[in-house]
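Q: Working from the sequences, and respecting the hints, build out all of it.
Protein chains in written order, with the working numbering: chain A, 1 to 651; chain B, 1 to 147.
If you are wondering where the hints come from, they were derived from the structure by calculation, not from laboratory data. Accuracy of the hints is not assured; some may be wrong.
[As the list claims (entries may be wrong)] Covered stretches of chain B, as calculated for chain A (at least 3 residues, CB under 8 Å):
#1 10-22
#2 27-34
#3 76-90
[As the list claims (entries may be wrong)] Not close to chain A: a few residues of chain B, all C-beta gaps over 10 Å, as computed:
#4 Met44
#5 Tyr46
#6 Thr55
#7 Glu69
#8 Gly107
#9 Asn112
#10 Ile137
[As the list claims (entries may be wrong)] Heads up, incomplete: computed chain A residues facing chain B, CB under 8 Å, no partners named:
#11 Lys113
#12 Thr584
#13 Val599
#14 Gly601
#15 Asp602
#16 Lys605
By construction, the Cβ of each residue, glycine as well, lies at the ideal position given by its N, Cα and C atoms.
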Amino acid sequence: MIPEIGHILLIITFVASILQVVFWCYNIKKSDQITIDVLQKSTFINFIFILFSFGILVYSFIISDFSLVIVSDNSHTLKPLIYKISGTWGNHEGSLMLWILILSFFTFLVSRKKNNISPKLLPSIIGIQTIILCLFLSFILFTSNPFERVDTLPIDGNGLNPLLQDPGLALHPPLLYFGYVGLSVSFSFAVAALITGEINKEWARQMRPWITIAWSALTIGIALGSWWAYYELGWGGWWFWDPVENASFMPWLIATALLHSVRILEVRFILINWTILLSILAFSFSLLGTFIVRSGLLTSVHAFASDPSRGLFILIILAIATGGPLILYATKSSSFQENKTQFNIFSKESALLINNLFLTTAASTVLIGTLYPLFLDAFNGNKISIGPAYYNATFAPIMAPVILLMAMAPFLSWGIKKPKQISKKIFFLTTITLLGGMGLFIIEESSLFSIICGSLAIWLFTGVIVDFTSQIKNANVNLSSFKTLLLFFSKNNIGIHIAHMGVAVFLAGVTGEQFYKTEFNIKKNIGDVISIGNKSLIFNKVETLAGPNYKSETATFTLLKNGTIISVLKPEKRFYPIEKSQTTEAAILSDFWGDTYLVLGDGNKETGWSIRVYFNPLISWIWGGAGLMSLGGLVSILQSRTARRQVKSTS
Amino acid sequence: MNPKYRRLLIIIFIIMTLGLATKLILMALEENIIYFFTPNEIKMKYGNKANIQNTIRVGGLVLENSVIEKDGITKFNITDRSHKIEVLFDGLLPDLFREGQGIVVEGIFQNNKLIASQVLAKHDENYMPPEVADALIKNGVWQGEKK
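A: Written as structure tokens, this is what we have:
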């Protein structure tokens, strides 16, 4: 009975949201208090209903209600509680429920901003959000009902794919969806601006925090996914340029471009059309990402829960959500009046604009690499795949200038040029970078690419430090006084510094992992010793152990450095009898300078076991860097809030 | 600089960037595409003397009773039930590698043997890589997924 309530709540929300859209269309030109109130209240009700419906689904998973198809297909009584809960979104239907939950949550949050967002825009923003909600609700109700009952009640469930029984992957989809769906808000802002013709600096100022929060969530979501792939798949790598990974990376690139272009719009009131276009594209790429992941159309090594027949429905949603606004854009975009000021080559806006151009170009190389196999297959039936080599040859060279400009753009001022001031800083940057590059060349035997990559990291790192210290110097901050320091932080957006520093750290991690890693396969038996430089691994034993819902073959290795024991590593092979599948659990010893990564292969006491050993220098910097980027986004939202509050209180 | 001239400069810059990107993409596509073949297609195209230096992918089923492991090198055959190909692999096999399972092997051909750099199997045990499924259906040995 309880699941039916969940289903009915969804149906009610679907009908209510259609009525809401009709109401909005009927009052499209109105911006009075009553219209806003009605839309706001119904948005709140939508959110509450979906929240309850989602709660019921989670509850069904917790109590293992196997009369539901998705519970019996994806859960099991023996599974730990946290994976029963995360199993809710570890499947197609449940993940869509999570999607609409987050969508209605965002819509609810936006609708509460009636004091900030212009009353002309707000009804349209809510209206567009509700249309998206409607589309996804119809998708769920007509093709992927999560509350479907089974014909015959099974004794126990099929269990969740063991690879998904992992804390990293419990959090990865919610964060990723938070990013995907968060971009719907800027999309709605853009479409609302096209419908009402209302666009100004305030529009950009109101939209920016939404993009930032979505971008931060997307960043950390992608990083979590990559981290999961690293420790769970046992391949020793962190990014495979797989279609499913690209699907989340393309909206990230566009969102990054948007984040910067909306800032130009806010300060200089130029690039209106470009910003609107990016807003539409960012969300379209999110939908495309969902489509790629959910449809199973592209061969991916780690796509879960895909079904081609449903892919078509998402394709239709994608067509409506992208096509409609683009047509609107084509007819309306010429009507916006921009600020007709001088556009200086040596200004901040021109540096950001050039970076925008590079970022979108980079996104299109990823798009082409991802979709080209599909086109070729449809065109002449040739089956191909495109691997990392393609991306190294296209994406990497396009991103290099982005890093170069990224360090310099903060030195420049809006509108005017001050070449004398910046030339000193750039000279300093260049010197440090050249010295660093030479250092890299001397210390370690390295290729040209590794030196370029490492130098770019040094360049950016130094750039951020130089900019930060010069800001502190200009503001005359007394570093020993906590109060003035706090005042400085509330006035200056150090979120930018943190995020850019994140990119530098990330780049350093990539350099270490890409160019200096060691990996080899070896066959060893108990008692043998493997030496790697000044370290050695002693193969102690292999034992069979039992986990809560799996059996494990666990090997024990002792890692010694210069004769002293540093750590004990225990790589495992697990067998999950319920799911009838085997997983590899790599043993990873992580420290600041790199990871020792050990994978246990097949083997037995007679022949020994095959073992794969990796040493990945600086690899944790990759996720650390992503974490910093995400943190930078959050800090900049907090900063802009406090700044706004200060402006309000002084006025 | 007058605005007209500046605008021209910006447009030239945009065109140059896009042109460069297109050039990079085309070059990369030409060199880095990995073509997919079935064992049958390899036989038809190269006979019994396949020597392919470009990385390719071959998909099929792991032939029953063909997996031999010696000195850390795994030897096995993959088949589309009309021809088979010998594969040598010195890495760790994926968890879902087993006889009869659909897999994709990436590598180069030397003396009619596929020297694998990567063996791909999906996480899902019921999964058949789409390319392999297509090839098997074409050969009439598999009717598609049982639902």
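Q: Does each hint hold? Answer for all of them.
A: Checked hints:
1. Here's how the region 10-22 of chain B fares: 6 of its residues keep a CB closer than 8 Å to some CB of chain A, so the rule of at least three is met and the hint holds.
2. Chain A is given as covering the region 27-34 of chain B, and this holds because 7 residues of the stretch bring a CB closer than 8 Å to a CB of that chain, at least three being needed.
3. Coverage of the region 76-90 of chain B by chain A is violated. Counting CB-CB distances below 8 Å, 1 residues qualify, and the rule asks for three or more.
4. For B/Met44, the shortest C-beta to C-beta distance to chain A comes to about 15 Å, beyond the 10 Å cut-off, and the non-interface label holds.
5. At roughly 17 Å, the least C-beta separation between B/Tyr46 and chain A is larger than 10 Å, which holds for a residue marked as non-interface.
6. Here B/Thr55 does not stay apart from chain A, with its beta-carbon only about 8 Å from theirs, under the 10 Å limit.
7. With a least beta-carbon separation of about 8 Å from chain A, B/Glu69 fails to lie farther than 10 Å from that chain, contradicting its non-interface assignment.
8. Every Cβ of chain A is farther than 10 Å from the Cβ of B/Gly107; the closest lies at roughly 12 Å, confirming the non-interface assignment.
9. With a cut of 10 Å on Cβ distances, B/Asn112 stays outside the contact zone with chain A, its closest approach being about 22 Å.
10. With a least CB separation of 13 Å from chain A, B/Ile137 remains clear of the 10 Å interface cut-off, as annotated.
11. At about 36 Å, the closest approach between the beta carbon of A/Lys113 and any beta carbon in chain B exceeds 8 Å, and the interface hint on this residue is violated.
12. Checking A/Thr584 against chain B by beta carbon gives a least distance of about 6 Å; that is within 8 Å, so the hint holds.
13. Checking A/Val599 against chain B by beta carbon gives a least distance of about 6 Å; that is within 8 Å, so the hint holds.
14. The restraint placing A/Gly601 at the interface with chain B holds, with a minimum CB-CB distance near 4 Å, inside the 8 Å limit.
15. Interface hint status for A/Asp602: upheld, as the beta-carbon distance to the closest one in chain B is roughly 7 Å, under 8 Å.
16. This hint is violated: A/Lys605 has a C-beta 15 Å from the nearest C-beta of chain B, more than the 8 Å allowed.
Of the numbered hints stated above, those contradicted by the structure are hints 3, 6, 7, 11, 16, listed in ascending order.
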